[in-house]
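Take the sequence shown: its position 7, counting from 1, is numbered 6 in numbering that gives the first Met the number 0, and each next residue is one higher.
Bear in mind the hints are in silico, worked out from the structure with no lab data behind them. Just so you know, nobody snuck in bad clues.
SDA-like, lysine to any residue: derived pairs with alpha carbons at most 25 Å apart:
1. Lys113 <-> Cys143
2. Lys145 <-> Asp93
3. Lys145 <-> Gly115
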Amino acid sequence: MTLEKADRNISVLVIFAVISTALVWAGDIFSWAWIGNGFLIDIIVLVVAILLTGGVVYLFKRKSAFKTSQEESNDSSNAFCCLNCGNFLEVTDDSCPACGTPLPVCIVCFTPFKKGDIIVQLPCCSNYAHKEHLLNFYEIKGYCPKCLEPFSLKELIEMTFG
Numbered sequence: 000m001t002l003e004k005a006d007r008n009i010s011v012l013v014i015f016a017v018i019s020t021a022l023v024w025a026g027d028i029f030s031w032a033w034i035g036n037g038f039l040i041d042i043i044v045l046v047v048a049i050l051l052t053g054g055v056v057y058l059f060k061r062k063s064a065f066k067t068s069q070e071e072s073n074d075s076s077n078a079f080c081c082l083n084c085g086n087f088l089e090v091t092d093d094s095c096p097a098c099g100t101p102l103p104v105c106i107v108c109f110t111p112f113k114k115g116d117i118i119v120q121l122p123c124c125s126n127y128a129h130k131e132h133l134l135n136f137y138e139i140k141g142y143c144p145k146c147l148e149p150f151s152l153k154e155l156i157e158m159t160f161g
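Based on the sequences and whatever the hints tell you, model everything.
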C-alpha cells in the first residue's frame, strides 16, 4: 500500500510523538543522570510533544481543506447554469429541476454532451458548445453561432463535461 506524502509525514510525526512521550516517562531517569534537574528535561520534551501534536493537527486540517476544495472544484465543473431560469444543473440531470428546461446541447452540432467532452461556455450568451466545433465555426464566421455576437477566444470558459 502506497502512502501519500502527507500520510508519510503524519506517520513520521506520530512515531516521533510516541518516542517523545516515552522520553517524558523516562525523563526523570535520563535527566538526573545528564542534567541534574529532571523537571527541565520534562518541560523540554513536553514542549516538543505539544509542537508535534500541533503539527499533526495542522497537517490533517490542511489535507482535509485540500480535499474539500478539490471536491468543490469537481462539483463546480459538473454544474451548469440553466439558460432559462439560472438554476444550477448537474450533469446527471436530464432537465432543470426548477423549470423543466432540458440539459444544454452543443449550439454548433445540436448533439447532447457526453461525459468527458471538452466544452466551452460562450461569454456573450452563456450557451455551451464542443470546443472543437466552436473553434471551427469561429475560424470561418468570427461570431457566436447562437446570438451572432462577436466575442474573443480568450473569454471562453473551458471545462470537461461530466
